[in-house]
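There are 2 protein chains.
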Amino acid sequence: VTGEAPALVLHHIGFVVADIVQAAPAFARSFAAAWDGCVYQDPHQNVKVTFLSAGDSRIELVEPAGEDSPVLRFLREKGGGLHHACYEVADLEGTMREMKARGCLIARRPRPATAFGGRRIAWMLTAEKLLVELLESAPENPSV
Amino acid sequence: VTGEAPALVLHHIGFVVADIVQAAPAFARSFAAAWDGCVYQDPHQNVKVTFLSAGDSRIELVEPAGEDSPVLRFLREKGGGLHHACYEVADLEGTMREMKARGCLIARRPRPATAFGGRRIAWMLTAEKLLVELLESAPENPSV
Chain A
1 VTGEAPALVL
11 HHIGFVVADI
21 VQAAPAFARS
31 FAAAWDGCVY
41 QDPHQNVKVT
51 FLSAGDSRIE
61 LVEPAGEDSP
71 VLRFLREKGG
81 GLHHACYEVA
91 DLEGTMREMK
101 ARGCLIARRP
111 RPATAFGGRR
121 IAWMLTAEKL
131 LVELLESAPE
141 NPSV
Chain B
1 VTGEAPALVL
11 HHIGFVVADI
21 VQAAPAFARS
31 FAAAWDGCVY
41 QDPHQNVKVT
51 FLSAGDSRIE
61 LVEPAGEDSP
71 VLRFLREKGG
81 GLHHACYEVA
91 DLEGTMREMK
101 ARGCLIARRP
111 RPATAFGGRR
121 IAWMLTAEKL
131 LVELLESAPE
141 NPSV
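Heads up: the protein sequence lines correspond to chains A and B, in order.
Residue 58 in the working numbering is what sits at position 58 of the first sequence, and the numbering runs on without skipping anything.
Residue 53 in the working numbering is what sits at position 53 of the second sequence, and the numbering runs on without skipping anything.
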């Protein structure tokens, strides 16, 4: 990573499912992980999400919440599955600007996310169609 | 992670593309990463692969090599995209056994992989259809 490259710290990979409550126990079992049962219902994002550990990394399960959910089309057309990669960044707007200058599209501008205590997330789409979630670092506990 | 849980260390996320040589520069540009241009052609796996850095983590690009490539159907039916999560494990057979006992299917038994210097990989499918690549740790340099 050069001085110009945004400092991206992988936070989780996102996997779309039809029903979190049905899917999460099976995921947890596969990875011998504990699931805390906490499902966030996020009115800003129109999704429900929950987190599981797979060894040293996180998997986020995402369920559409309502007919205007941004993941509903992915669920219907692709049947769910791996959906995005989420990176934590210290400078949300700066990283978006940098990625846009590098050919990425802004898929969704910053909004607060319930699952991250109100920290903002934004969505970028790379030229090759990898959907990237950017999560701003917690100011009091920056991890980048 | 309890004593029973397999020690999974995320190695990369895999993204299927039609053409690595076309896609890799765009990926590298999106993440302000350098691409070393090294494309592994793997006769054991019937794929071509290359690796890119996205901040602190890796993205593997996977291109089908031949009509019997295991990723060809994914490319044709889903149009490519996020495909698998790869975890490094110290005990390949033990982890497979453990995951199988936990409801995962063995999608492909261990074979050497050119991209990892002949270290073996195996493929598991979780009950909820997450495709998991397991990569055995290098004996001389275990990372788990």
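Since the hints were derived computationally from the structure, they do not count as laboratory data.
Treat the hints with care, as some may be off.
Calculated pairs, DSS-like style, for lysine-lysine (alpha carbon to alpha carbon, straight line, at most 30 Å) [claimed, not checked]:
1) Lys129/A to Lys78/A
2) Lys129/A to Lys129/B
3) Lys129/A to Lys78/B
4) Lys129/B to Lys78/A
5) Lys78/B to Lys100/A
6) Lys78/A to Lys100/B
7) Lys100/B to Lys100/A
8) Lys78/B to Lys129/B
9) Lys100/B to Lys129/B
10) Lys100/B to Lys78/B
11) Lys100/A to Lys78/A
12) Lys100/A to Lys129/A
We went through each hint and held it up to the structure:
1. Taking the CA atoms of Lys129/A and Lys78/A, the gap is near 14 Å; set against the 30 Å cutoff, the hint holds.
2. Taking the CA atoms of Lys129/A and Lys129/B, the gap is near 21 Å; set against the 30 Å cutoff, the hint holds.
3. Between Lys129/A and Lys78/B, the direct Cα distance comes to roughly 12 Å. Compliance with the 30 Å bound is thereby established for this hinted pair.
4. Using a Cα cut-off of 30 Å, the hinted pair Lys129/B and Lys78/A holds, with the two alpha carbons roughly 12 Å apart.
5. Distance restraint check for Lys78/B and Lys100/A: the Cα-Cα separation of roughly 26 Å lies within the 30 Å cut-off, and the hinted pair is therefore satisfied.
6. The straight-line distance between the Cα atoms of Lys78/A and Lys100/B is roughly 26 Å, inside the 30 Å bound, and the hint therefore holds.
7. The hinted pair formed by Lys100/B and Lys100/A fails the criterion: a straight-line CA distance of about 43 Å is larger than 30 Å.
8. Among the hinted pairs, Lys78/B with Lys129/B is consistent with the structure: their alpha-carbon atoms are about 14 Å apart, no more than 30 Å.
9. In summary, the hint linking Lys100/B to Lys129/B is supported, as the alpha carbons are separated by about 13 Å, within the 30 Å threshold.
10. About 27 Å separates the Cα atoms of Lys100/B and Lys78/B, which keeps this hinted pair within 30 Å; it holds.
11. In summary, the hint linking Lys100/A to Lys78/A is supported, as the alpha carbons are separated by about 27 Å, within the 30 Å threshold.
12. With a C-alpha separation of about 13 Å, the suggested pairing of Lys100/A with Lys129/A holds against the 30 Å cut-off.
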